[in-house]
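Chemist: Sequence:
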Amino acid sequence: MLGVKVKSVDNNAERLVTEEIRVSGNRVKHIKTIFTVDTQTLIIGNGNKNAGLRDIKAGNKINIDFIKTQDKKLLAKGITILDQILLKGGARKAF
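Each residue of the sequence shown is one higher than the one before, counting from 1 in this note's numbering.
Certain hints may be false.
When the alpha-carbon atoms are kept at most 16 angstroms apart in a straight line, the in silico EDC-like pairs for lysine to aspartate or glutamate are as follows [said to hold, decoys possible]:
1. Lys32 x Glu20
2. Lys77 x Asp38
3. Lys57 x Glu19
No wet-lab data here; the hints were simulated from the structure. Computed from a predicted model, the values in this text were never measured in an experiment.
Could you put together the complete structure from these sequences and hints?
Modeler: Shown next as structure tokens:
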């Protein structure tokens, strides 16, 4: 999935929820998708540097590669953070 917006991140449960907006005629659909993130998931941040799940925040736009497991869950295999939001307290994050 290309350029989807992160709705929420749960570091404890290792899952990521994205929201995609699709427009068809005069209808707008908000599609939420839940991905499982494991230790083998490759996450690339700003400047092609490795990142962790804790570096992904709600509001980020990401590209995500995934597979569907035998139990019908979506397992993230690769995540690229396209832009990063500013955090409270002035922490540096690039756009």
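Chemist: Evaluate each hint against the coordinates.
Modeler: Taking the hints in turn, this is what the structure says about them:
no.: 1; hint: Lys32 x Glu20; result: holds, 6 angstroms
no.: 2; hint: Lys77 x Asp38; result: holds, 8 angstroms
no.: 3; hint: Lys57 x Glu19; result: holds, 13 angstroms
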